[in-house]
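Visitor: Protein chains in written order, with the working numbering: chain H, 3 to 213; chain Y, 3 to 213.
Any given hint might turn out to be false.
The list cannot tell twin chains apart, which means a pair is met if one copy fits it or any two copies do.
Below, a list of computed lysine to aspartate or glutamate pairs in the DMTMM-like style, where the Cα atoms sit at most 20 angstroms apart [stated by the list, open to error]:
hint	residue 1	residue 2
1	K71	D100
2	K4	D145
3	K80	D145
4	K80	D156
5	K46	D145
6	K199	E157
7	K4	E173
8	K46	D176
9	K199	D176
10	K199	D155
11	K46	D155
12	K80	E115
13	K4	E45
14	K199	D156
15	K71	D176
16	K4	E115
17	K80	D176
18	K46	D100
19	K71	E45
20	K71	E115
21	K4	E76
22	K80	E169
The set of hints was computed from the structure by calculation and includes no laboratory data.
Protein chains: 2
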Amino acid sequence: MKIAVIGTGQVGSVLGTRWAHNGHQIVFGSRTPTSQRVLGLVEKAGPNATATSPAQAVMDAEIVVLAIKYAAVETVIKQLGDLSGKIIIDPNNPLNGDVSGLTLGTTTSAGEEIARLIPQAPVVKAFNMTGAIGNMANPIYGDQRLSMLICGDDEQAKAVVAGLVTELGFEVVDCGPMTSARYLEPMAMLWITLAGKMGLGGNIGFRLLTR
Amino acid sequence: MKIAVIGTGQVGSVLGTRWAHNGHQIVFGSRTPTSQRVLGLVEKAGPNATATSPAQAVMDAEIVVLAIKYAAVETVIKQLGDLSGKIIIDPNNPLNGDVSGLTLGTTTSAGEEIARLIPQAPVVKAFNMTGAIGNMANPIYGDQRLSMLICGDDEQAKAVVAGLVTELGFEVVDCGPMTSARYLEPMAMLWITLAGKMGLGGNIGFRLLTR
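Working from the sequences, and respecting the hints, build out all of it.
Guide: Now the structure itself:
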């Protein structure tokens with residue numbers, strides 16, 4: 003698939019690189035597409051990856067990943083132009099400045115706000131609730147896979163994103179409509195708290211067990 | 003230990019019965035301690051269990067479990083009298099009327115509100131984030147244990163509660179201070195959404211994997 007990864011931080015770098023290695027066409031959208039850092043990322047991602055401006059990156063994309071800071075989302079969405087016909091992946095969390103909590107929740111979520119900002123394209127919440135460097139790079143724990151919880155209001159878009167999640171090694175758990183982002187975003191803060199403050203480090207993650 | 007279980011709904015019934023079978027002294031606190039239903043519960047829980055009024059139940063207890071509806075917590079706490087020297091276990095979630103969401107969160111939590119209502123005793127959040135009938139009755143999934151996420155500001159109290167959680171078969175995950183209840187309570191809504199709306203049923207639960 004043609005995937006625009008907007009943002010080249012941890013989440014965007016890991017996802018874009020892995021999907022490029024899987025054979026997808028990746029365009030990283032960056033404010034500094036010719037910087038040494040982004041060129042290095044493109045080289046690591048291999049022949050299926052390029053980098054350009056955010057607005058250029060989305061033009062031919064079927065999938066757009068908003069791997070940017072939540073505070074920047076509204077501004078960046080305006081720069082991206084018409085997103086009709088594309089599927090938007092939202093890995094955002096409304097983290098506060100010192101990553102000690104969330105700035106919104108309970109009665110709304112970053113996912114719902116982003117869906118409101120992009121009424122012309124389906125938004126799927128994914129890749130928000132676990133670590134990028136360790137877990138998105140490799141979600142296999144012995145003979146088990148981490149769960150990736152996703153949600154969204156468009157079933158077809160969610161099925162496409164579920165495929166992109168599964169091919170990275172996660173087990174997809176569909177958590178229903180975008181309102182469930184109210185639960186997935188606090189789960190990110192839980193992961194951050196356990197990995198950081200509680201000292202467990204990045205090689206931890208949740209799996210939904212069934213019997 | 004001497005444990006007062008206030009409330010005889012699903013959570014209180016399962017926890018009290020299992021701890022009674024483990025040899026703890028359980029007093030169920032109920033508005034109707036001589037009703038057929040509560041007498042049946044006491045009989046099922048066995049010789050280590052009795053039932054009386056909430057205020058009587060807590061008098062000799064070392065541990066008090068507030069297994070009641072969150073909306074009733076403030077009223078019930080007032081009825082319980084002096085709780086100094088006891089450890090309070092809070093399994094509450096601030097569920098709205100139709101269990102479709104939470105009534106508070108993001109910047110506070112039921113756990114923090116309850117801790118404010120009981121300044122004279124340490125409150126530990128536990129048993130809020132998974133199902134009672136299936137998972138608290140039996141948290142073993144094949145060769146794995148479900149995680150029970152707990153939090154609270156008193157390390158000694160948390161260690162005592164961790165013991166009570168572990169003996170039921172859970173693997174305890176300490177999520178830090180009571181502010182983490184802001185993340186554990188949405189996780190309850192997530193479990194409710196998956197078990198109910200998404201049709202997965204009660205035999206599902208989260209485990210924190212490590213590698």
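Visitor: If a hint holds in the structure, say so; if it does not, say that too.
Guide: Against the structure, the hints:
Proximity of K71 and D100 under a CA criterion of 20 angstroms is satisfied intra-copy only: 13 angstroms inside one chain copy versus 34 angstroms between copies. Neither within a single protomer nor between protomers do K4 and D145 lie at most 20 angstroms apart by alpha-carbon distance, with minima of 31 angstroms and 41 angstroms respectively. In this homomeric assembly, K80 and D145 never come within 20 angstroms of each other (Cα to Cα): the closest approach is 43 angstroms inside a single copy and 50 angstroms across copies. Taking the shortest Cα distances, K80 and D156 never come within 20 angstroms of each other, neither inside one copy (22 angstroms) nor across copies (47 angstroms).
Proximity of K46 to D145 under the C-alpha cut-off of 20 angstroms is found in neither arrangement, the shortest distances being 28 angstroms within a copy and 39 angstroms between copies. In the homo-oligomer, the alpha carbons of K199 and E157 lie at most 20 angstroms apart only across protomers (15 angstroms), although the nearest pairing inside one protomer, at 36 angstroms, exceeds that limit. For the identical chains of this complex, K4 and E173 are neighbours neither inside a copy (23 angstroms) nor across copies (42 angstroms), given an alpha-carbon limit of 20 angstroms. Taking the closest pair of Cα atoms, K46 and D176 never come within 20 angstroms of each other, the shortest separation being 31 angstroms inside a single copy and 38 angstroms across copies.
For the homomeric pair K199 and D176, the shortest alpha-carbon distance between copies (11 angstroms) is at most 20 angstroms, but the shortest distance inside one copy (29 angstroms) is not. Taking identical chains as interchangeable, the C-alpha atoms of K199 and D155 lie at most 20 angstroms apart only when they sit on different chains, with a minimum of 14 angstroms there against 34 angstroms within one chain. Taking CA atoms no more than 20 angstroms apart as the test, K46 paired with D155 passes in neither setting, with 34 angstroms inside one copy and 45 angstroms between copies. Only within a single protomer do K80 and E115 lie at most 20 angstroms apart by alpha-carbon distance; the minimum there is 14 angstroms, versus 40 angstroms between protomers.
For the identical chains of this complex, K4 and E45 are intra-copy neighbours only, at 18 angstroms inside a copy versus 64 angstroms across copies, given an alpha-carbon limit of 20 angstroms. In the homo-oligomer, the alpha carbons of K199 and D156 lie at most 20 angstroms apart only across protomers (16 angstroms), although the nearest pairing inside one protomer, at 36 angstroms, exceeds that limit. Taking CA atoms no more than 20 angstroms apart as the test, K71 paired with D176 passes in neither setting, with 24 angstroms inside one copy and 28 angstroms between copies. When the C-alpha separation of K4 and E115 is checked against a cutoff of 20 angstroms, the pair qualifies neither within a copy, at 25 angstroms, nor between copies, at 48 angstroms.
In this assembly of identical chains, K80 and D176 lie within 20 angstroms of each other by CA distance neither inside one copy nor across copies; the values are 29 angstroms within and 42 angstroms between. In this assembly of identical chains, K46 and D100 lie within 20 angstroms of each other by CA distance neither inside one copy nor across copies; the values are 31 angstroms within and 50 angstroms between. Proximity of K71 and E45 under a CA criterion of 20 angstroms is satisfied in neither setting, with 24 angstroms inside one chain copy and 56 angstroms between copies. In this homomeric assembly, K71 and E115 come within 20 angstroms of each other (Cα to Cα) only inside a single copy, at 14 angstroms, whereas the closest approach across copies is 31 angstroms.
Neither within a single protomer nor between protomers do K4 and E76 lie at most 20 angstroms apart by alpha-carbon distance, with minima of 23 angstroms and 55 angstroms respectively. For the identical chains of this complex, K80 and E169 are neighbours neither inside a copy (31 angstroms) nor across copies (54 angstroms), given an alpha-carbon limit of 20 angstroms.
When the structure is compared with the earlier hints, violations turn up for hints 2, 3, 4, 5, 7, 8, 11, 15, 16, 17, 18, 19, 21, 22 and for no others.
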